[in-house]
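Could you put together the complete structure from these sequences and hints?
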Amino acid sequence: MSNYLKKRALEPLRYYVPSLLQARDQLSGLGTVMIEDAKEARSRLRTGAFAGLREAVNAVGEYTSRDGKQSTAFLRSLEDLDFSIFQAVKGRDSIGPASLSKVDRAVAALDAVLAAVPGDDLDYGKRIVTQLRAPLPPV
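For the sequence shown, counting from 1, position 21 maps to 563 in the numbering used here; every step adds exactly one.
Read the hints as simulated data drawn from the structure, not as lab findings.
Please read these numbers as outputs of a predicted model, since none were measured by experiment.
In this text, a Cβ means the ideal position worked out from N, Cα and C, and glycines have one as well.
It is possible that some hints are incorrect.
[What the hints assert, rightly or not] Here are the simulated distance ranges between beta carbons:
#1 Pro-679 with Tyr-605: 43 to 49 Å
#2 Pro-660 with Arg-634: 38 to 44 Å
#3 Gly-610 with Gly-571: 23 to 29 Å
#4 Glu-604 with Asp-662: 17 to 23 Å
Structure representation (structure tokens):
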């Protein structure tokens, strides 16, 4: 089957780092949103920095390690968090300490992915994110 599927060439590693850093920021604030509105929290897992997150995590995993354990662990923790929020949206479960701890686990797993990124690429990503956060000068 792999003979029929062509993999798209990866962008340089530093291309993916800013979106991972933005996703980390978005993810770390998700607990508060989960408590207030589980449906909105689940929506946020699909928008903004999360829109291309899986591709970025997989690409970083390919660049930084041969086994991809950090990438797989993060994606698994993200799916676990998403399922927990889904259960709350459907009224099958409530958002409690167990659900909120899944946010912390997902952040820690994303930190492990980011820890595998070389320092110069990580610094580059941080500079980009800082520039994106800066207010625009008045016109």
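Do the hints match the structure? See the list:
1. Between Pro-679 and Tyr-605 the CB atoms are about 35 Å apart, so this pair departs from the stated range of 43 to 49 Å.
2. Checked against the given bound of 38 to 44 Å, the beta carbons of Pro-660 and Arg-634, roughly 43 Å apart, stay inside it.
3. At about 27 Å, the CB distance of Gly-610 to Gly-571 agrees with the hint of 23 to 29 Å.
4. Restraint check, Glu-604 to Asp-662: a C-beta distance of roughly 18 Å satisfies the suggested window 17 to 23 Å.
Checked against the numbered hints listed earlier, the structure breaks hint 1 alone; every other hint is satisfied.
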